[in-house]
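Visitor: Below, each chain spelled out in residue letters.
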Amino acid sequence: MSATTSARRSSAGSASPVRKPKVSTGRRVSGWLWTLLAVAIALCWIFPVYWMVNSSFLSTLTLQRSTPTWLPFGGSLENFRNVFADGSFVKALSISLGVTLLTVAVAIVVAFLGALAISRFRFKGRRSFILAMLLIQMLPAEGMFIAQFKMMASWGLVNNILGLTLLYAAAVIPFTLWMLRGFVAGVPAELEEAAMVDGLSRTQAFLRITFPLLAPGLVASAVYAFLQAWNEFTIALVVMQDNDMRTLPLWLRGLVQASATRETDWGLVMAGSTMVAVPVIIFFMIVQSKMSSGLVGGAVKG
Amino acid sequence: MMSVDAPASPAPEAAPPTAGATPIRRRRRSLTPWLLIAPALVIIIAAMGYPIFWQLKTSFQKYGLKQQFNPDLPPDFVGFDNYVKVLTNPDFLAVLGRSILFCFLAAFITVILGFLLALLMKRVGKVARLILQIALLLAWAMPVAASMTVWVWLVDWRNGVLNYLLGRLGLDVENHNWLADPTTFFVIALIIVIWAAVPFVALSIYAGLSQISEEVLEAAQMDGATGWQRTRYITLPLIAPVLSIVLLLQIVWDLRVFTQIKFLQDAGGVANATDLLGTYIYKMGVGSADFGSAAAVSVIMLLLTVALSWYYVRSIMKEED
Numbered sequence: 015m016s017a018t019t020s021a022r023r024s025s026a027g028s029a030s031p032v033r034k035p036k037v038s039t040g041r042r043v044s045g046w047l048w049t050l051l052a053v054a055i056a057l058c059w060i061f062p063v064y065w066m067v068n069s070s071f072l073s074t075l076t077l078q079r080s081t082p083t084w085l086p087f088g089g090s091l092e093n094f095r096n097v098f099a100d101g102s103f104v105k106a107l108s109i110s111l112g113v114t115l116l117t118v119a120v121a122i123v124v125a126f127l128g129a130l131a132i133s134r135f136r137f138k139g140r141r142s143f144i145l146a147m148l149l150i151q152m153l154p155a156e157g158m159f160i161a162q163f164k165m166m167a168s169w170g171l172v173n174n175i176l177g178l179t180l181l182y183a184a185a186v187i188p189f190t191l192w193m194l195r196g197f198v199a200g201v202p203a204e205l206e207e208a209a210m211v212d213g214l215s216r217t218q219a220f221l222r223i224t225f226p227l228l229a230p231g232l233v234a235s236a237v238y239a240f241l242q243a244w245n246e247f248t249i250a251l252v253v254m255q256d257n258d259m260r261t262l263p264l265w266l267r268g269l270v271q272a273s274a275t276r277e278t279d280w281g282l283v284m285a286g287s288t289m290v291a292v293p294v295i296i297f298f299m300i301v302q303s304k305m306s307s308g309l310v311g312g313a314v315k316g
Numbered sequence: 002m003m004s005v006d007a008p009a010s011p012a013p014e015a016a017p018p019t020a021g022a023t024p025i026r027r028r029r030r031s032l033t034p035w036l037l038i039a040p041a042l043v044i045i046i047a048a049m050g051y052p053i054f055w056q057l058k059t060s061f062q063k064y065g066l067k068q069q070f071n072p073d074l075p076p077d078f079v080g081f082d083n084y085v086k087v088l089t090n091p092d093f094l095a096v097l098g099r100s101i102l103f104c105f106l107a108a109f110i111t112v113i114l115g116f117l118l119a120l121l122m123k124r125v126g127k128v129a130r131l132i133l134q135i136a137l138l139l140a141w142a143m144p145v146a147a148s149m150t151v152w153v154w155l156v157d158w159r160n161g162v163l164n165y166l167l168g169r170l171g172l173d174v175e176n177h178n179w180l181a182d183p184t185t186f187f188v189i190a191l192i193i194v195i196w197a198a199v200p201f202v203a204l205s206i207y208a209g210l211s212q213i214s215e216e217v218l219e220a221a222q223m224d225g226a227t228g229w230q231r232t233r234y235i236t237l238p239l240i241a242p243v244l245s246i247v248l249l250l251q252i253v254w255d256l257r258v259f260t261q262i263k264f265l266q267d268a269g270g271v272a273n274a275t276d277l278l279g280t281y282i283y284k285m286g287v288g289s290a291d292f293g294s295a296a297a298v299s300v301i302m303l304l305l306t307v308a309l310s311w312y313y314v315r316s317i318m319k320e321e322d
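Protein chains in written order, with this note's numbering: chain A, 15 to 316; chain B, 2 to 322.
Among the clues, some could well be false.
[Stated by the list, open to error] Here chain B is said to cover these stretches of chain A; the calculated rule only asks that three of the stretch's residues, wherever they fall, bring their Cβ under 8 Å from a Cβ of chain B:
#1 46-53
#2 70-79
#3 105-113
#4 157-167
#5 232-240
#6 283-292
Keep in mind that the hints were calculated from the coordinates and are not lab data. These numbers were taken from a predicted model, which means no experiment stands behind them. Where a beta carbon is used, it is the ideal one built from N, C-alpha and C, also for glycine.
Please work from the sequences and hints to get the whole structure.
Guide: Structure below.
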């Protein structure tokens with residue numbers, strides 16, 4: 015490996031009496047090679063995302079050429095117009111928005127109360143409750159969805175926004191609760207107590223002191239719940255079987271289904287995918303760092 | 002925020018609220034915490050607890066002809082028959098083996114690649130690092146359904162980019178459908194799953210690497226340790242807790258890979274030979290209505306997940322105490 019040789023060379027250099035060792039040519043060259051490698055890998059990783067956006071501007075005829083068109087020159091918004099043409103996108107969008115917003119509202123309120131309980135109170139069963147939340151968060155939907163479907167069917171909640179919301183809320187509450195717990199624990203109870211000494215009631219102290227400090231945590235958790243519900247595919251596939259009740263991921267699946275045998279309008283599909291992905295990418299950038307620190311726990315901070 | 006260097010000893014019951022102790026208010030018996038967790042418990046028990054209970058019950062039952070003719074008849078209790086049936090079924094064993102192989106391959110390759118990318122991010126300058134981080138974040142942020150439509154388009158046998166590029170390299174792949182053959186199907190699925198999972202792993206490991214003090218590494222360099230030796234004997238042991246946690250999370254997540262397989266199956270046409278646990282249960286439950294066996298497979302999958310997750314949950318609980 016060239017890293018080894020260059021490092022050895024520079025360590026030999028640091029043994030010389032000069033205090034600040036000069037950067038050797040070999041090291042500079044290998045530095046450029048590493049930079050080049052990093053950029054090349056970045057291009058590989060970003061390519062599918064780029065390809066989605068690029069293709070979304072190109073006409074079906076252009077996309078069917080045997081040579082790919084690498085840049086969207088001469089593209090148009092035609093595909094985006096077509097996405098709206100038959101109304102199925104708008105329908106799926108409204109279902110997705112309904113389920114997602116309901117899930118976020120339910121999950122945030124419920125998880126926030128739970129987070130208060132485990133970070134501000136020590137009670138019998140607290141440990142078991144935390145353990146249960148952590149375990150449930152790991153359970154795969156695929157190991158439950160048949161039973162969940164049977165249950166929804168017996169309650170008459172198949173193809174129903176409320177039914178899907180119930181399943182989504184249960185799926186996101188454990189992690190949302192865990193994430194919020196970190197934020198609540200970060201606001202010292204002494205702050206609230208000091209405000210109470212100054213004459214505020216417990217509720218007032220909470221609303222005026224603690225709550226504003228928790229706002230960033232609540233936003234981050236809400237975005238997490240939003241992303242989960244917006245992107246979810248597995249449970250929706252089982253529970254929303256009616257074509258009129260499809261969420262956006264199911265709508266996208268409908269577009270590429272049987273693409274092996276049927277001509278697919280890839281420009282349209284890519285425009286649809288872009289519209290599903292863009293809000294997610296923006297939200298994701300906002301909360302990414304907070305989410306991953308919750309997942310890996312203290313290990314990263316060690 | 003959590004931190005592992007906080008003292009792990011539990012605060013004594015009557016201790017005054019000194020600085021550093023967790024601000025826990027009421028230690029006496031009170032209904033308030035229970036009222037606060039009640040909504041979460043109700044929702045989770047309704048949406049998950051009950052189905053899991055139903056599943057356990059159903060996995061010990063059989064709906065036979067008798068019940069089909071007379072739906073009022075209760076199903077027969079058959080003990081472990083469903084499990085025996087499933088575990089001796091060569092189809093299921095093939096799916097189970099494939100799922101385990103797939104998830105371990107994907108998880109290990111992801112963590113190795115993520116580790117290498119994290120080292121690379123440490124090594125390059127600010128600009129290159131930022132470019133790499135943004136690229137990884139964008140890939141990570143892609144909704145799985147949207148990314149799957151792009152991948153299906155990239156590997157499309159008529160005018161996908163993959164076949165074009167391979168053709169330019171001189172391979173005769175015109176109109177070759179990679180999804181029609183189980184082996185290449187799984188290679189493509191593996192690439193997609195790894196592509197999507199590496200960003201989380203690389204950025205987590207990078208965050209861990211940033212915590213290693215420069216002085217330790219410099220001291221080792223003074224003592225004549227080569228770059229490889231420093232990575233092997235200093236960085237790797239210090240980063241091991243992060244590595245083990247992300248590896249574990251990847252294994253659990255890759256065991257349940259469903260969306261990617263479903264999209265590729267839809268696009269490719271071959272079905273049975275490309276099933277993993279998720280799609281297998283889906284077909285059993287939706288397609289064949291053999292609920293006893295589907296429930297047994299689901300229970301096996303849940304048990305497998307719990308067993309795999311146990312170490313992760315335990316290590317987080319330890320920090321909690």
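Visitor: Please go over all the hints and tell whether each is borne out by the structure.
Guide: The hints, checked one at a time:
no. : hint    : in the structure
1   : 46-53   : holds (count 5)
2   : 70-79   : holds (count 3)
3   : 105-113 : violated (count 0)
4   : 157-167 : holds (count 9)
5   : 232-240 : violated (count 0)
6   : 283-292 : holds (count 7)
Of the hints listed earlier, those the structure fails to meet are numbers 3, 5, in rising order.
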